[in-house]
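Colleague: Given the coordinates of chain X, assemble chain Y onto it according to the supplied hints.
2 protein chains.
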Amino acid sequence: MKKHNFSAGPAVLPASVLKEAGKAAVNYQGMGLSLLELSHRGPEFTAIIEEANALMREIIGLPDNYHVLWLTGGASSQFFMAPMNLLNEDETALFVNTGVWADKAIIEAKAFGNVQVIASSKEQNYTFIPKDYKISKSAKYLHLTSNNTIYGTQMRKFPKSSVPIVCDMSSDFLSRPFKPEQFGLIYAGAQKNLGPAGTTVVIVRDDMLGTVLRHLPAMLDYRTFVKENSLYNTPPVFPIYVSMLTLRWIKKSGGLKTLQRRNKAKALLLYDEIDRNPLFRGTVAEEDRSYMNICFVMNEKYAALEAEFGKLCEANGMIGLKGHRSVGGFRASTYNALPQKSVQALVQLMRDFAERKG
Amino acid sequence: MKKHNFSAGPAVLPASVLKEAGKAAVNYQGMGLSLLELSHRGPEFTAIIEEANALMREIIGLPDNYHVLWLTGGASSQFFMAPMNLLNEDETALFVNTGVWADKAIIEAKAFGNVQVIASSKEQNYTFIPKDYKISKSAKYLHLTSNNTIYGTQMRKFPKSSVPIVCDMSSDFLSRPFKPEQFGLIYAGAQKNLGPAGTTVVIVRDDMLGTVLRHLPAMLDYRTFVKENSLYNTPPVFPIYVSMLTLRWIKKSGGLKTLQRRNKAKALLLYDEIDRNPLFRGTVAEEDRSYMNICFVMNEKYAALEAEFGKLCEANGMIGLKGHRSVGGFRASTYNALPQKSVQALVQLMRDFAERKG
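Chains X and Y are the protein sequences, given in the same order.
Under this note's numbering, the residues of the first sequence are numbered 1 to 358, in order.
Under this note's numbering, the residues of the second sequence are numbered 359 to 716, in order.
Any given hint could turn out to be false.
[Said to hold, decoys possible] Which residues of chain X face chain Y? A partial, calculated answer using Cβ under 8 Å: (1) Ser16; (2) Lys19; (3) Val26; (4) Gly198.
By construction, these hints were calculated from the structure, which means they are not laboratory data.
Think of the CB as a built atom: it goes at the ideal place given N, C-alpha and C, for glycine as much as any other residue.
In isolation and in its complexed conformation, chain X is listed as follows (with noise of 0.2 Å):
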């Protein structure tokens, strides 16, 4: 049976790139070895990261005064990485806090400078993004997430600031176009529209650095990335390369703005049976409900029945559809390579659901 996999990251690759990850790992490129084996340092893989930074200068459309560094540790360790490099002691972050990753972030944080949060929804549980906030001038930095995996939000746009954004990506990054002259830093964990866990990307403007006084040890040190061109010591080599991968079928779909363009009718598809169907109703805000995180819950009446839609969803070989904890009901992430066949086999499972139970 084909599987429909909405799960929220590690989440669903392109099929092409699978397979071509699935030989490399055996033999890259008839070599006759593994690319598990092959040094970092060798031209196959001097040849992949090159390429790989290539891409995402150009499906970007990076300016020459931002780096693209490949890092591991996840976003969490953005956290405590951004405000380590960008914030002095005596100087302050401003944090819109719109989930638990932000909120993670904020405490990260605290051990690196002041910080204020300008905004939040962490009392209405996240459910909308807020968007009337000061951005002080004298701050050193404002921190924003820009989709909220758990709850099923997304910033739809960005504020217009007066001092550099720092953006955790993580669940959105490349699933529609942006203005990367926006952003002073942007942080990405790879396993959703990029690539594998085991790699995470951070792309920084140049002017950024060195404004720090506090020791950084040299794999804390983004400059150190930059410097080495990521390649300081021994990089996640496979993680990189399926990125890589990735990214060269990002290029060939049409870019950002066609995969924006696809991310969002396959939302607006599950978010118009949502609204149609009795038995379910969306859990957030309407304007910032996210094109990759969609969160529904069964309509009271119908809560009991919730159980028995989860089983029909495995049934029908839909994975990783259930909700986080603190939210309940269910998520369908819709990722750029998710296919709209998937949303469609969803979207007629509800309707066929809300027919006989309804």
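Modeller: For chain Y alone, kept in the frame of chain X given last:
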């Protein structure tokens, strides 16, 4: 042509492991989904990391008061994480400096406490392992590097120490049995005997943790990984999976004693030829010769033949034999998964070359 992979790391892995890894990247256990797109919270990866931990414990013979942690960032990240987690500012860590990696560990540790280098072979280009030093009882720990990849030296025995030993075992981890009780903390990048690049194993005795006063970001605190079973955030799924497969292979191969015997046999075969062959000579003290990384250069009289021999090796499918620039000549890394016949082929080539040129 069959390749002989003498790379220093990322390095040769067992063919059966690579075959299974390749399958998993496309279709994991016939699920119709790649392991690269499965949630790290799902039953599949839970089973993988639990098996990896159990195998690691069994293969090493690890007592219950030691934790097995799966991190990222390579040994280079442990150079600062170990002192950050273990050493207060007024405490002293002792170091034996046996190579550039030890030297980097020394530099990183200085930011966190007192550092005392009690022995060093740096002035002799790290051609031997110092053995004549005193270990002060008042120190917090002693840092050692068990094997020095670049120079081809190895600690055949570890010193008796009244303070805990912290050991960088990156390049000979799981190549021979060792007594875990001799160590307070062990770390190793996977990409030698354990798996592909992208994960780093830390083995730590429980009482080593929780003794420092400084603030530790969650992702830099070993206790986070202990508490969350290395699943605080998304771990590097595929590198851990391939490491688990390699651990299975180690067990099936007969465990560390068998591998030690094989590795010693491979190394002695090559060292014997180096010593016998008039064209070549070893570069390090005989008693400290590594059974993992075997460094040799042309004797002075034959120095002009170096490039020719290098090309001959390449022409015979031997890769990764170029010595590190700080030593020159050749380096044959003979990790667990390198077949004896690869060493035999190299030895034969050295013999034939000497007959033609000697």
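Colleague: Grab the minimum C-beta distance from Gly198 of chain X to chain Y and call the hint holds if it beats 8 Å, violated otherwise.
Modeller: holds, 4 Å
Colleague: Any CB of chain Y closer than 8 Å to the CB of Lys19 of chain X?
Modeller: At 6 Å from the nearest chain Y Cβ, Lys19 of chain X passes the 8 Å test, so the hint holds.
Colleague: Can you verify the interface hint for Val26 of chain X: is its Cβ closer than 8 Å to any Cβ in chain Y?
Modeller: Holds. Min distance 4 Å.
Colleague: Does the closest beta carbon of chain Y sit nearer than 8 Å to the beta carbon of Ser16 of chain X?
Modeller: violated, 11 Å
Violated hint for the displayed structure: number 1, the only one.
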